[in-house]
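Protein chains in written order, with this note's numbering: chain A, 209 to 387; chain B, 209 to 387.
Fair warning: there could be bad hints in the mix.
[As the list claims (entries may be wrong)] Within a straight-line C-alpha distance of at most 25 Å, the following computed DSS-like cross-link-like pairs (lysine-lysine) qualify:
{"#": "1", "chain 1": "B", "residue 1": "Lys-248", "chain 2": "A", "residue 2": "Lys-386"}
{"#": "2", "chain 1": "A", "residue 1": "Lys-371", "chain 2": "B", "residue 2": "Lys-288"}
{"#": "3", "chain 1": "B", "residue 1": "Lys-372", "chain 2": "A", "residue 2": "Lys-372"}
The hints are simulated quantities; they were obtained by calculation from the structure and are not laboratory data.
2 protein chains.
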Amino acid sequence: MKAIFERHSYRGAYLQEAVPRGDLKRIMEAGLAAPSGCNKQNPALIAVDDPELLARIREIMQPPLAETAPALICVLTRRKIAYRDGFGRDRCFAVQDYSAAIENMLLEIVHLGYQSCWIEGHVTDADLQGERIAALLGVPKETHDLVCVLPIGKAAEPIKPVKKRAFEERAWFNGYEKE
Amino acid sequence: MKAIFERHSYRGAYLQEAVPRGDLKRIMEAGLAAPSGCNKQNPALIAVDDPELLARIREIMQPPLAETAPALICVLTRRKIAYRDGFGRDRCFAVQDYSAAIENMLLEIVHLGYQSCWIEGHVTDADLQGERIAALLGVPKETHDLVCVLPIGKAAEPIKPVKKRAFEERAWFNGYEKE
């Protein structure tokens, strides 16, 4: 599982090389293989490699985090209720479901020699960039939200891992802060 | 990335074989290697392999989904704000963060020859099983929530994949339901 430890959020420029459809399909298959709460399979995916459409999406995305990427995958979700708990509270795992799908895709992207970055905040901030991208792609607003954009391409710049806290500060055995 | 396609939610019995500490550590390292919104590193993890503690956790967990597992990993989160968007709305990605960490751990679990199942609904339902498990483990209630339990062990029964919808129903190119 090298990809797990080699995956880093890449915010640099991409080489201008098309991503083959077979690779985009494989990445999306990895996303759809993720688990989902009560098997609701909430996430849906749209890969974009059409240059005209990419240009129109780039006009919407601020800051321009995916400006040079030759392909993108847009992540859609449906906020379906998984079940009602014993106390009458509706449970929905749409965020968990699309997050697991995104992580699978990021790993498959790295495994295939590409880079990416989980772009969600800017897509779902109150300026509604995601809604405008969804409209461009013909996504039905009533049922689906566009929550994330993953740029995909080969890195043109060095990959810079972020600094993470030590294992001992975040993981323990048999009790909080133990061992 | 075989593990992505070989991972299935396993709800059967586990063999009574201890999981070596080195494997539990590697699984937690995989979880901590996941990305987190604005690198907030919200998730924290507690592996449980102490038989007495396992027995007390099993008394809390209903339905008994992890009854025979020789080890568990409990997933904690802190609901930290990542940033305030341009419209004064606080953004928190704690759910995304722990979901990506869980997916990484599930993949590493399968890669190492074990099985698991993402147990979250029953842990965070209104009967607060997660809160009771957290109390057992000495987790500070003010800062951390226990949101998920992952059983870990070798399968004693056949693995049964769930049925998933076809690729064409969930993934497209250059537009919703296109190609």
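Structure-based check of each hint:
1. B/Lys-248 / A/Lys-386: holds, 22 Å
2. A/Lys-371 / B/Lys-288: holds, 18 Å
3. B/Lys-372 / A/Lys-372: Not satisfied, since the Cα-Cα distance of roughly 36 Å exceeds 25 Å.
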